[in-house]
Amino acid sequence: MITFLELLANGISVGTVYALIALGFVIIFKATEVLNFAHASLLLVGGFIIAKLHASVGFWLALLIGIAGAALVGALIEFLVIRRANVASHSVLAIATIGIDIVLTTELTREIGADVLALGDPWRDQVLHLGAVSIAQTRVAALVVATVLITAFLLAFKYTNWGIAMRATAEDSETAALMGVRRGRVSMGAWAIAGALAAVAALFLCVFPTPGLDRSTTFAAMKAFPAAILGGLDSTTGALVGGLIIGVTEALMSGYQNDMVFLGRGIGDVAPFLVMIVILLIRPAGLFGTRELARV
Amino acid sequence: MDVHDPRPPEDSGLVVRDLAVSYGPVLALRGVSLNVPRGAIVTVLGGNGAGKSTLLRAVSGTLRFQRGGITAGEISFDRTRLSGAATSAVVAGGVVQVPEGRRVFARMTVEENLRAGALGARDRRSAAGARQDVLKLFPVLAERARQRAGLLSGGEQQMLAIGRALMARPRMLLLDEPTLGLAPMMAARIADTVREINAQGTTVLLVEQNAAMALSLASYAYVLEVGEVVLSGPAAELAESDEVRRRYLGIEDDPEIAPASATSVAAAPAERPVLARWSA
Ligand SMILES: Nc1ncnc2c1ncn2[C@@H]1O[C@H](COP(=O)(O)OP(=O)(O)OP(=O)(O)O)[C@@H](O)[C@H]1O
Ligand SMILES: [Mg+2]
Numbered sequence: 000m001i002t003f004l005e006l007l008a009n010g011i012s013v014g015t016v017y018a019l020i021a022l023g024f025v026i027i028f029k030a031t032e033v034l035n036f037a038h039a040s041l042l043l044v045g046g047f048i049i050a051k052l053h054a055s056v057g058f059w060l061a062l063l064i065g066i067a068g069a070a071l072v073g074a075l076i077e078f079l080v081i082r083r084a085n086v087a088s089h090s091v092l093a094i095a096t097i098g099i100d101i102v103l104t105t106e107l108t109r110e111i112g113a114d115v116l117a118l119g120d121p122w123r124d125q126v127l128h129l130g131a132v133s134i135a136q137t138r139v140a141a142l143v144v145a146t147v148l149i150t151a152f153l154l155a156f157k158y159t160n161w162g163i164a165m166r167a168t169a170e171d172s173e174t175a176a177l178m179g180v181r182r183g184r185v186s187m188g189a190w191a192i193a194g195a196l197a198a199v200a201a202l203f204l205c206v207f208p209t210p211g212l213d214r215s216t217t218f219a220a221m222k223a224f225p226a227a228i229l230g231g232l233d234s235t236t237g238a239l240v241g242g243l244i245i246g247v248t249e250a251l252m253s254g255y256q257n258d259m260v261f262l263g264r265g266i267g268d269v270a271p272f273l274v275m276i277v278i279l280l281i282r283p284a285g286l287f288g289t290r291e292l293a294r295v
Numbered sequence: 000m001d002v003h004d005p006r007p008p009e010d011s012g013l014v015v016r017d018l019a020v021s022y023g024p025v026l027a028l029r030g031v032s033l034n035v036p037r038g039a040i041v042t043v044l045g046g047n048g049a050g051k052s053t054l055l056r057a058v059s060g061t062l063r064f065q066r067g068g069i070t071a072g073e074i075s076f077d078r079t080r081l082s083g084a085a086t087s088a089v090v091a092g093g094v095v096q097v098p099e100g101r102r103v104f105a106r107m108t109v110e111e112n113l114r115a116g117a118l119g120a121r122d123r124r125s126a127a128g129a130r131q132d133v134l135k136l137f138p139v140l141a142e143r144a145r146q147r148a149g150l151l152s153g154g155e156q157q158m159l160a161i162g163r164a165l166m167a168r169p170r171m172l173l174l175d176e177p178t179l180g181l182a183p184m185m186a187a188r189i190a191d192t193v194r195e196i197n198a199q200g201t202t203v204l205l206v207e208q209n210a211a212m213a214l215s216l217a218s219y220a221y222v223l224e225v226g227e228v229v230l231s232g233p234a235a236e237l238a239e240s241d242e243v244r245r246r247y248l249g250i251e252d253d254p255e256i257a258p259a260s261a262t263s264v265a266a267a268p269a270e271r272p273v274l275a276r277w278s279a
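Going line by line, the protein sequences match chains A and B.
Here the first sequence is numbered in numbering that gives the first Met the number 0, starting from 0 and rising by one per residue.
Here the second sequence is numbered in numbering that gives the first Met the number 0, starting from 0 and rising by one per residue.
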């Protein structure tokens, strides 16, 4: 029972981090109808900046610069590629993002080399004991920070002019333009926010119990794709629920994999994709989505 | 063009001169010139595919959404050039369109739709005042404020679409078939509203297939056919014209309302027999 609670807590914590990534992925899709396959590399940019700077400027400033840097790279991708590409199909843009991803990831993994870079976070490997349940401080921090960010985002999405412009554009970009909404600004904002959220996610994917930022960090980030897809590509609620489902499934599967040897080792890593496939078989548009992936 | 306004026509209001628009190879408008003096209601009549919506898209700068573009001519409003301007600049300049088919944001609430209408306003701070005016004009929108716009009836959606456009406090309103698909009662209500909006000082360009309603509202009318202006004149005179009565008001025996077929636009012969009848 204690193991279960610990696994569940870890799963939820990691799930909120996946939700941060999936949320960015979803708002890019809503604003521009582009599937951003460069999302994991945005995350890597953020993590890399934090890892390189924390020793000289301190952790918090490094974190801020990392967030700003990833947001900037996101905005640049929108400004230089997405906005200029005058292509008929959004699938072509999705393929362009694969190209961007390859360029960024190759460059960054070459910089990282075989190293495992620490991010200099203040929580280190300290553990919080709640009764018999032990949970790493990093996990608590992840849960708190991700929850705050997600809540702030959803409130802004619901109540601010930015959120209204964003939703109007997502629903009918031509009519939104007739309201004077500038599509370029909306989509650049979406890319920048997605980058910023990815940088925060990078931090929590790389801290304890993970040894640090290394070339495998993008694989961890990839698990957010199934979160976004199973929740429904165009649904912010879906991104959150999807993130939690993936996080919890992965944690439980990894935690109990000794009891499930028949499924093979490393089931925790493939579980997110299995869950996604099962859900898509039942609901092709994802849990909360309105658009099927096939139509993208 | 006929002189229908004592002031020089270029002086103020909307001026469209020799406009040509194409969607790729499809030529949708050719040599269209028209003028909407400040404070007037002017209507553009025409059947399906005549190019009415294309004209409004050209004014609002949304042709690129349909992969179309202006190939010749010029559009200006109060001497400010609109052709080539971004849609946001057109809206900021006070020219706001209510698109065909209402196009309310169905997944957003009525209130949020109205807020969306104020996003590109010249003066965002005046949104509260604009909102009050809109709700006074359409009290039903206040009752339905928290409802999803997609759940409104057709007439209510049209009111929302107009109200949303008014949130930007436009100096000029472009209306694309606002009575399309509405019951006669509701169409009459919309017509009254258009008259009232105009009385409060907003210039109106009304695009319609419902010629009877449009001619009763407007002071001046243009008839568009296969991308060209084939007839224009004071609305009262047009309402008396045999051709208009027969073809657009459904008076006499010809039931055909929309003689212009969309496919003939691409071919665009310079001389068509149908034009000769107008040229008298
Ligand atoms: N997106 C588009 N791509 C290609 N051709 C188009 C497009 N939109 C309109 N057209 C063509 O341009 C011409 C004018 O169309 P438009 O929609 O302006 O007519 P309309 O007068 O508004 O008709 P309706 O009363 O049916 O709304 C038609 O021949 C139409 O086929
Ligand atoms: Mg039309």
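The set of hints was computed from the structure by calculation and includes no laboratory data.
Don't take every hint at face value.
[Unchecked claim] Restraint ranges, calculated between C-beta atoms of paired labels, are given here:
{"#": "1", "chain 1": "B", "residue 1": "A127", "chain 2": "A", "residue 2": "R82", "range": "28 to 38 Å"}
{"#": "2", "chain 1": "A", "residue 1": "L153", "chain 2": "B", "residue 2": "G128", "range": "23 to 33 Å"}
{"#": "3", "chain 1": "B", "residue 1": "G149", "chain 2": "A", "residue 2": "G112", "range": "21 to 31 Å"}
Glycine included, C-beta positions come from ideal geometry on N, C-alpha and C.
| task | Of all the hints given earlier, name the ones this structure violates by number, lowest first. | result | 3
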